[in-house]
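Work out the full structure: start from the sequences and follow the hints.
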Amino acid sequence: MVQIQFLLLFSRQGKLRLQKWYVAHPEKMKKKITRELVTSVLARKPKMCSFIEWKDLKIVYKRYASLYFCCAVEKEDNELLTLEVIHRYVELLDKYFGSVCELDIIFNFEKAYFILDEFLLAGEVQETSKKNVLKAIAAQDVMQEDEGLQEALREHGLA
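Under this note's numbering, residues 1 to 159 are what the sequence shown spells out, in order.
You can trust all of the hints, since none of them are fake.
25 Å max Cα-Cα, derived PhoX-like pairs, lysine-lysine:
#1 Lys-45 / Lys-15
#2 Lys-31 / Lys-62
#3 Lys-45 / Lys-32
#4 Lys-130 / Lys-20
Here are the simulated distance ranges between beta carbons:
#5 Ser-66 / Arg-154: 37 to 43 Å
#6 Ile-106 / Lys-47: 27 to 33 Å
#7 Lys-28 / Tyr-113: 18 to 24 Å
#8 Phe-109 / Trp-54: 22 to 28 Å
#9 Gln-140 / Lys-45: 35 to 41 Å
#10 Pro-26 / Tyr-113: 20 to 26 Å
#11 Lys-28 / Glu-155: 41 to 47 Å
#12 Asp-146 / Cys-49: 44 to 50 Å
#13 Arg-154 / Lys-45: 52 to 58 Å
#14 Asp-56 / Ala-138: 37 to 43 Å
Quick caveat, the hints were computed from the structure, so don't treat them as lab data.
Built from N, CA and C at the ideal position, the CB exists for glycine as well.
Shown next, in the form of structure tokens:
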């Protein structure tokens, strides 16, 4: 089993689009780590290996279209399993958004976090079934829509 320390999603221009930290770090340290890793990953050529030994961690990243998905794991953890975790998250995003793109993440970042939280818990895979994750997200969407409907009815004095 892979224990993810943190996950970063960033664009080819180096803009951070999503971050999830499973190990506590001060805010200043998070910014420093993010800056170093984004710079390191973007400086690598496309044909280079997707694994970087960095400090006492192993960085595993994969580029999908204009986004880089980057995870930090312990040096002893399996890199290929980490790549599979990244790929599964991308598959979940694709299924939900219908071919996910950077704009989906920018404008629906809360959904991207919901999907990540259904998939990973404390840095470990919680649910391997895509169908179950997407079912949970669909249930959250229904609850959100119901809350919106109730709010609209209250505003118009109908509830």
